[in-house]
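Protein chains in written order, with our numbering: chain A, 1 to 251; chain B, 1001 to 1279.
Read the hints as simulated data drawn from the structure, not as lab findings. Every residue gets a Cβ at the ideal spot worked out from N, C-alpha and C, and that includes glycine. Wrong hints could be hidden among the right ones.
[To be verified] Quick look at which bits of chain A chain B covers, simulated, 3 or more residues with Cβ under 8 Å:
no., region
1, 95-106
2, 122-133
3, 205-214
[As the list claims (entries may be wrong)] No more than 25 Å apart at the CA atoms, straight line, and that leaves these computed lysine-lysine pairs for BS3-like:
no., chain 1, residue 1, chain 2, residue 2
4, B, Lys-1062, B, Lys-1130
5, B, Lys-1062, B, Lys-1132
6, B, Lys-1132, A, Lys-225
7, B, Lys-1062, B, Lys-1021
8, B, Lys-1021, B, Lys-1002
9, A, Lys-225, B, Lys-1130
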Amino acid sequence: MIVAHVRGHHTRPEEIDEHARASWLGGLDARAKIAGTVAFVVATALLTRTELVLASLMLSVSFAAVSRVPYRHLMRMYLGALPFILIASVSVFMFAGFWRGMDMWARTSSCVIALLVLASGTETFELFSGLRGLKVPRLVSTLLTLTYRYILILGDELGRMRTARRARGFRGGRSLLDSRGLRVISSTAGMVFVRAAGRAENGYEALRARGFRSDMRPMRTSRLKAADLAFMAWFACVSSLLVALQLGAVP
Amino acid sequence: MKALEVRALSFAYEDGTPALKGVDLEMEEGEKVAVIGPNGAGKSTLLHLVAGFRAPFQGSVKVMGKPLDERSADDVRRHIGLLFQDPDDQIFMPTVEEDVGFGPLNLGLDSVEERVSRALRSVSVEDLAKRKPHRLSHGMKKRVAIAGVLAMEPDLLLLDEPTAGLDPRSRSGLIGLLRDMRRTMLIATHDLEAAGEVADRVVLLNGSVAFDGPLSGLMRRDDLLDAAGLEPPQVSRLFRRLRGMGYGAQTVPVTLDQGVAEAVKLMEREKGRSGDRGR
């Protein structure tokens, strides 16, 4: 009977974490993934030699390719970040020349791709609990968790109101000249915030009702497994090698 | 010691709209009380107020002998398990078992894993422990939310519209679960049938307490039912109609079992009467 009640509702958290379950990265400990990826990003940020920056970019792209996170999803996310990457690259290009600009593009792209693979290959709550496990201040990990929940609530409310609008024949708002449509959309946005604030209040009271003060404690603490250690060791080696080559420590 | 003592409780919303006026309510340990009333009667407000989420208020509230005020609210809440009307407001963690363990971990209780499996077992969802709560049906979410409250082993359960939004099978399953649970419960509901099945007595709230006693007693008070805009359960309506047709039932049943018992008595009486006429 219970199984019959479990239906395949595809709600937003499921969609967001969909790729984490498809990738082998999803099975690794979040702490190992965060530590390894952040080490790689820091090492890449220190690189100035073009060949090393390109090597880092190739490593990032290879990491994305073997992660089994769908490339279309990564590409979409990367395109979202691209304007910021371009702003940084173009400003360097204007002041330091074409190749420096290209270096900046490759360096930031390498970091962004590695971080996108980390974010897509890890369930959001695991990512936050991984941060907590790495001794990031509890206030920060709790705030991230609560913010994520608020964003989900906001998305839910927006979806409901959009459906309600369409159900009553609203088709406007597709043009900036459609003043009525824009008025409807702006009042919807206002209502979404009011309703989401109400629901967020309920959600917070529900947390308080179960003894929540300021910290989300995990039910179990897990130990790093061999695969987690291998993942960290690989990134530690690659990052150290890149930095050593940059500093000229390796001939 | 009383599980709950509410004396002359009055509360108004921030805009000044009165929600509760001079409410008195007492509950013994182990008692199940349903707070019934129409929408906007203040049922949920009363529950949230007892849980320390609405302040300031006039009057006094004591939970397990502890007076409630803004400073003692966190301490008083350790005795309380509040079930929210919408389980999506309550369920938070990525898996069912983590969500059920959320309260005990926060309260620093011991044997958390044991508590979690006990709570899941008590609402018959132990198979769902590793599931993502967001993928469950509304009825199952309600059960998970109840498990999350039970895992804290509170002295007083406050249930806000537990049967709202459930399909008939989930509803009757949940009613059976609550009926068989040996807990002190204050249930806010407008589902009179559920109140009849689960609660030992009902409190009719319409801003203030209009009635406090057994549901069958309230079923005889048409004036109160009309004033509160409440519809009696189907089985009560059937027997009221039969009474109007001259088939006098001795009591007004509120649950199906009571209705069956009353119907049997009625048929036997009618059989005896027609036998007398035959002689």
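Now for the hints, and whether the structure bears them out:
| no. | hint | verdict |
| --- | --- | --- |
| 1 | 95-106 | violated (count 0) |
| 2 | 122-133 | holds (count 3) |
| 3 | 205-214 | holds (count 9) |
| 4 | B:Lys-1062 with B:Lys-1130 | violated, 38 Å |
| 5 | B:Lys-1062 with B:Lys-1132 | violated, 37 Å |
| 6 | B:Lys-1132 with A:Lys-225 | holds, 24 Å |
| 7 | B:Lys-1062 with B:Lys-1021 | holds, 17 Å |
| 8 | B:Lys-1021 with B:Lys-1002 | holds, 22 Å |
| 9 | A:Lys-225 with B:Lys-1130 | holds, 21 Å |
Hint compliance for this structure: hints 1, 4 and 5 are not met, and every other hint is.
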